[in-house]
Amino acid sequence: MVGYISPLFGPELKGNAATVVIYGFSILEEAVNKGIVPAFQKRWMERTGEEVRFYTSFAGSGTVMNQIRFGAPADIAIFSHTLDAYRLQEAGRIQTDWNQFPRRGILNRTPIVFIVRKGNPKGIGGFQDLRKPGIGIVHPDPQTSGGALWSILAEYGAFALAENAVSLKRASLGGAEKGLYDLWKNVIVLASSSRASRTQFEMGFGDILITYEQEAVKDLAQGKFNHELIIPKETIYAEHQVVLIDWNILPEEKEVIQAFLDFLWTEEAQQIFVAFGFRSITDEAINRQNKYFREIPSSFTVEDLGGWKAAYSNIVEGIWKKRILEETRG
Amino acid sequence: MKSVPVPIFNFPWRGLMVASLLLVLFPLLLMPIGAIFIFATRDGFSRFITALAGEGAQFALRLSLLIALLTSLLNSVLGTLTAYIFSNYRFPAKRTLGILINLPVAIPTVVVGTSLLLLWGPIGVIGRYLDPLGFRPMFATTGILLAHLFVTFPYMLGAVKPVLDELEVTYEEAAYTMGAGRLRTFWYVILPSLRGALFTGTLLTFAHSLGEFGATVMVSGNLRLRTQTAPLYIFSQFEAGNIEAANAVAAVLATFSFIIFFILLRVTEGKQPHKA
Numbered sequence: 005m006v007g008y009i010s011p012l013f014g015p016e017l018k019g020n021a022a023t024v025v026i027y028g029f030s031i032l033e034e035a036v037n038k039g040i041v042p043a044f045q046k047r048w049m050e051r052t053g054e055e056v057r058f059y060t061s062f063a064g065s066g067t068v069m070n071q072i073r074f075g076a077p078a079d080i081a082i083f084s085h086t087l088d089a090y091r092l093q094e095a096g097r098i099q100t101d102w103n104q105f106p107r108r109g110i111l112n113r114t115p116i117v118f119i120v121r122k123g124n125p126k127g128i129g130g131f132q133d134l135r136k137p138g139i140g141i142v143h144p145d146p147q148t149s150g151g152a153l154w155s156i157l158a159e160y161g162a163f164a165l166a167e168n169a170v171s172l173k174r175a176s177l178g179g180a181e182k183g184l185y186d187l188w189k190n191v192i193v194l195a196s197s198s199r200a201s202r203t204q205f206e207m208g209f210g211d212i213l214i215t216y217e218q219e220a221v222k223d224l225a226q227g228k229f230n231h232e233l234i235i236p237k238e239t240i241y242a243e244h245q246v247v248l249i250d251w252n253i254l255p256e257e258k259e260v261i262q263a264f265l266d267f268l269w270t271e272e273a274q275q276i277f278v279a280f281g282f283r284s285i286t287d288e289a290i291n292r293q294n295k296y297f298r299e300i301p302s303s304f305t306v307e308d309l310g311g312w313k314a315a316y317s318n319i320v321e322g323i324w325k326k327r328i329l330e331e332t333r334g
Numbered sequence: 582m583k584s585v586p587v588p589i590f591n592f593p594w595r596g597l598m599v600a601s602l603l604l605v606l607f608p609l610l611l612m613p614i615g616a617i618f619i620f621a622t623r624d625g626f627s628r629f630i631t632a633l634a635g636e637g638a639q640f641a642l643r644l645s646l647l648i649a650l651l652t653s654l655l656n657s658v659l660g661t662l663t664a665y666i667f668s669n670y671r672f673p674a675k676r677t678l679g680i681l682i683n684l685p686v687a688i689p690t691v692v693v694g695t696s697l698l699l700l701w702g703p704i705g706v707i708g709r710y711l712d713p714l715g716f717r718p719m720f721a722t723t724g725i726l727l728a729h730l731f732v733t734f735p736y737m738l739g740a741v742k743p744v745l746d747e748l749e750v751t752y753e754e755a756a757y758t759m760g761a762g763r764l765r766t767f768w769y770v771i772l773p774s775l776r777g778a779l780f781t782g783t784l785l786t787f788a789h790s791l792g793e794f795g796a797t798v799m800v801s802g803n804l805r806l807r808t809q810t811a812p813l814y815i816f817s818q819f820e821a822g823n824i825e826a827a828n829a830v831a832a833v834l835a836t837f838s839f840i841i842f843f844i845l846l847r848v849t850e851g852k853q854p855h856k857a
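From first to last, the protein sequence lines stand for chains X and D. Under this note's numbering, the residues of the first sequence are numbered 5 to 334, in order. Under this note's numbering, the residues of the second sequence are numbered 582 to 857, in order.
Quick caveat, the hints were computed from the structure, so don't treat them as lab data. Ideal Cβ positions, reconstructed from N, Cα and C, are used throughout, including at glycine. Keep in mind that a hint or two might mislead.
Stated by the list, open to error - Here are a few chain D residues that face chain X, going by a calculated C-beta distance under 8 Å:
(1) Leu646
(2) Leu647
(3) Pro673
(4) Arg805
As the list claims (entries may be wrong) - Partner residues are not named here, just some residues of chain X that face chain D (Cβ under 10 Å, in silico):
(5) Ile9
(6) Ala95
(7) Arg199
Given only the sequences and the hints, what does the whole structure look like? Please build it.
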């Protein structure tokens, strides 16, 4: 047994190669571990002749945020949304302003879509269809999952647009709230992250999964998607936030971490993200490389809902937590 | 003695009871364990080996074994010492302390993890003073070890203390009259009689540490190739939809626990005749 354990103390760990620790939200795992990290390691080797070692951990965005708040050794964190970045900033873990990064630290984006069973037996086409009784929805848990928050904003925004059809700013609130209420009555499973809710859907729960487009497109590209992807006419673009956890970064790590950060917005990195199903934030031309991306007729962003702070307190706290969570529980 | 009338038809109560017990136990206990192994070999043995040979899986298994080994070693010393003090000395608040040290059996492991974070974490009661010194036990191997020491503490104690309590004082007194000091008496008289209990306690501790999840998930940080233990690997891979990878490691852990369980069974059964 000692012989089996001994590699733990081997040169792998002792070597003086630089190390970077990344904590990311759930759906990034494959794109980062299989795409971004190896590509950067190659570039870094070409540039400096040195190795760089990466350690990664992935969970629901809120879980990741809390782990870092309680001391997890992340150098770089990639959150599902900017709200988790604000929370860590308030906790004193972040000093570097992410707005100085390219695209204000938004790494990539992906719309919130539906995954339904093959043949779409329940005939689901848009958010209005999810209000009908008898539909089982698999949803990530808004307490720990960033994708779940994006989903709530997508649901609210889509219902608000349906009410008004012109602009979210003038939409009647009552109708959107009623829509959200009807939809949440149909939620049958809450999973801790978007990735976990996908697994639950795969295990046979529910008729429809509300999730990131990336979940479906990544599998479509690999030819192992055996459900159906439905892109609603109105939906939100989830935009993912990169931050530096200054609190954990040692002076000697700064250079490699900065290089990694710069790498994330290069054409090479953005192409990798597109190959793994994320939509590029830097260039629409890169997005044309993925044949599974469709045009979304009326897409909106969190800015259209007044920015994260307002959207969270008005929609997630004010409506979902205060009213819907209470009422649908009974 | 009254003679029992022989019934014409002997209703097979015994057979029925055993059959219904099996009917209940089969889906409750046996089938779930079986499912791990059936699933593991479903797509052929080579897929199972590939899943198991992955860097992440290998690291997680190694880390879990290392932690279990360290936990058993440290707790066998700590547990024996505690048991010795408890059965040999009187001191104030002994009863209260006795209850407290057995508490880990009853506390939910998630609570253990949370409390460790609130103590040693960077915003914790002690952690906030350690952090400026660059010492961060949480989200590192130290944190995992602390959690496992806490959670498994009572197992060693539970195995050793009853033996110490029953140990004849005369042997000890004889040793003292022959001029042996406390240390020599402990080493040559007490320790040998504890061999069986130490072995059982160590195996129990090892088994529990190997499978510990609730406290570990809170304090480890779940870093692949750094702080991800085997149970965390299973959970993460399952959540990520890599059911094969999760299942391969699960099958290995299950096999380990079978082996440990059967050794324990042999040891305790083998001891019975001596006692009688």
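Each hint, compared with the structure:
1. The closest approach between the C-beta of Leu646(D) and any C-beta of chain X is roughly 5 Å, which is under the 8 Å cut-off, so the hint is satisfied.
2. Taking 8 Å as the C-beta contact cut-off toward chain X, the hint placing Leu647(D) at the interface holds, the least distance being around 5 Å.
3. Interface hint at Pro673(D): violated, since its Cβ lies 37 Å from the closest Cβ of chain X, which is beyond the 8 Å cut-off.
4. The interface hint given for Arg805(D) is met, as the beta carbon of that residue sits about 5 Å from the closest beta carbon of chain X, less than 8 Å.
5. Interface hint at Ile9(X): satisfied, since its Cβ lies 5 Å from the closest Cβ of chain D, which is below the 10 Å cut-off.
6. At a threshold of 10 Å, the smallest CB-CB gap from Ala95(X) to chain D is about 8 Å, leaving the interface hint in force.
7. The interface hint given for Arg199(X) holds, since its Cβ lies 5 Å from the closest Cβ of chain D, which is under the 10 Å cut-off.
The earlier numbered hint that this structure contradicts is number 3, and it is the only one.
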